[in-house]
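Chains A and B supply the protein sequences, listed in that same order. So the first sequence is numbered by the numbering used here: it starts at 1055 and just counts up by one. So the second sequence is numbered by the numbering used here: it starts at 530 and just counts up by one.
Bear in mind the hints are in silico, worked out from the structure with no lab data behind them. Source: prediction; values computed, not measured. Glycine is no exception: its CB is placed at the ideal position from the N, C-alpha and C atoms. You may find that some hints are simply not true.
If you want the footprint, here are the derived chain A segments under chain B, 3+ residues with CB under 8 Å [unchecked claim]:
# : stretch
1 : 1064–1073
2 : 1094–1102
Listed below are the simulated DSS-like cross-link pairs for lysine-lysine, each with C-alpha atoms no more than 27 Å apart in a straight line [said to hold, decoys possible]:
# : chain 1 : residue 1 : chain 2 : residue 2
3 : A       : Lys1112   : A       : Lys1122
4 : A       : Lys1103   : B       : Lys600
5 : A       : Lys1153   : B       : Lys543
6 : A       : Lys1103   : B       : Lys612
Residue strings, one per chain:
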Amino acid sequence: AQSVTQLGSHVSVSEGALVLLRCNYSSSVPPYLFWYVQYPNQGLQLLLKYTSAATLVKGINGFEAEFKKSETSFHLTKPSAHMSDAAEYFCAVSRNNYKLTFGKGTLLTVNP
Amino acid sequence: DGGITQSPKYLFRKEGQNVTLSCEQNLNHDAMYWYRQDPGQGLRLIYYSQIVNDFQKGDIAEGYSVSREKKESFPLTVTSAQKNPTAFYLCASSITNQPQHFGDGTRLSIL
Chain A
1055 AQSVTQLGSH VSVSEGALVL LRCNYSSSVP PYLFWYVQYP NQGLQLLLKY TSAATLVKGI
1115 NGFEAEFKKS ETSFHLTKPS AHMSDAAEYF CAVSRNNYKL TFGKGTLLTV NP
Chain B
530 DGGITQSPKY LFRKEGQNVT LSCEQNLNHD AMYWYRQDPG QGLRLIYYSQ IVNDFQKGDI
590 AEGYSVSREK KESFPLTVTS AQKNPTAFYL CASSITNQPQ HFGDGTRLSI L
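Excised from the complex, chain B in its bound form:
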């Protein structure tokens, strides 16, 4: 079945540590996105990529970094500069003029 796989489902980070969240899709979608979800806040866009080797900042990019070396993969690194990283992170993908498809998310917590 085609879809978006996010791993791990749960992730714990120590203070001052960088962590990387994985997002892989086999839908052959050109565009990929990362969102952060906090209770009562909806989803906020962190980064997005329309094509391999290119990506743009979203509304809350500070403290995060991404790469897009392959069409299928769009990993998100939460750096130590992100002071409040505890959240539910959602990855999505889409093709031009079609709605976004979402993965099942990664829940990040601070130890």
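Bound conformation, chain A alone:
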């Protein structure tokens, strides 16, 4: 079975500060990993995905994530937060790039 743990249901940062959203996974086989973003009352939008080609994955809107097998982590970062980054972020894992198991989400608040 595979699972995802997102540490921190709510993260608050100041505009211009570093964003770090944590994700740890468990999977019996090398996983596919994803980060999605959700704005209020909308669907999910893919930020980035890891599919074993490179451990550092760059996504949209300046976000990136690093796959660390030894730590079973796939944390999401952005060097400088913008007000428009305020949203809920979901980490997801899949064994076959197909069926997804989602974490419970982290709500990011950006303060002016």
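Based on the hints, put chain B in the right spot on chain A.
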């Protein structure tokens, strides 16, 4: 523009009533999915379909039913057997080995 259309955006159900949520995609994707989202719970898979006329139960299929008669359409029926149907429902689609694309969701409430 290609995408996934979910309708209606808001839906209200009376006790004991079945309701059907629509999901249509024009992305020519083979696979389609239904998720339920509750606050603080993330997304949980209800049903998925990899091909027309075939579908499989996800993690929380009880009280729900689906059909896949056309590639473009994957409607979800919330039956009266679902005792706690109030939630945000998301439909998604994908092609093999590619990430899922999501619709904008339907919010279901009980009157």
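Taking the hints in turn, this is what the structure says about them:
1. Look at the stretch 1064–1073 of chain A against chain B: 0 of its residues bring a Cβ nearer than 8 Å to a Cβ of that chain, fewer than three, so the hint is violated.
2. Here's how the stretch 1094–1102 of chain A fares: 6 of its residues keep a CB closer than 8 Å to some CB of chain B, so the rule of at least three is met and the hint holds.
3. The suggested pairing of Lys1112 of chain A with Lys1122 of chain A holds, with an alpha-carbon distance near 15 Å, which does not exceed 27 Å.
4. For the hint linking Lys1103 of chain A to Lys600 of chain B, the alpha-carbon distance of about 26 Å falls within 27 Å, and the restraint holds.
5. Under the criterion of a C-alpha separation no larger than 27 Å, the hint pairing Lys1153 of chain A with Lys543 of chain B is inconsistent with the structure, at around 32 Å.
6. Between Lys1103 of chain A and Lys612 of chain B, the direct Cα distance comes to roughly 36 Å. Violation of the 27 Å bound is thereby established for this hinted pair.
Figure legend: structure checked against the earlier numbered hints; hints not met, in rising order: 1, 5, 6.
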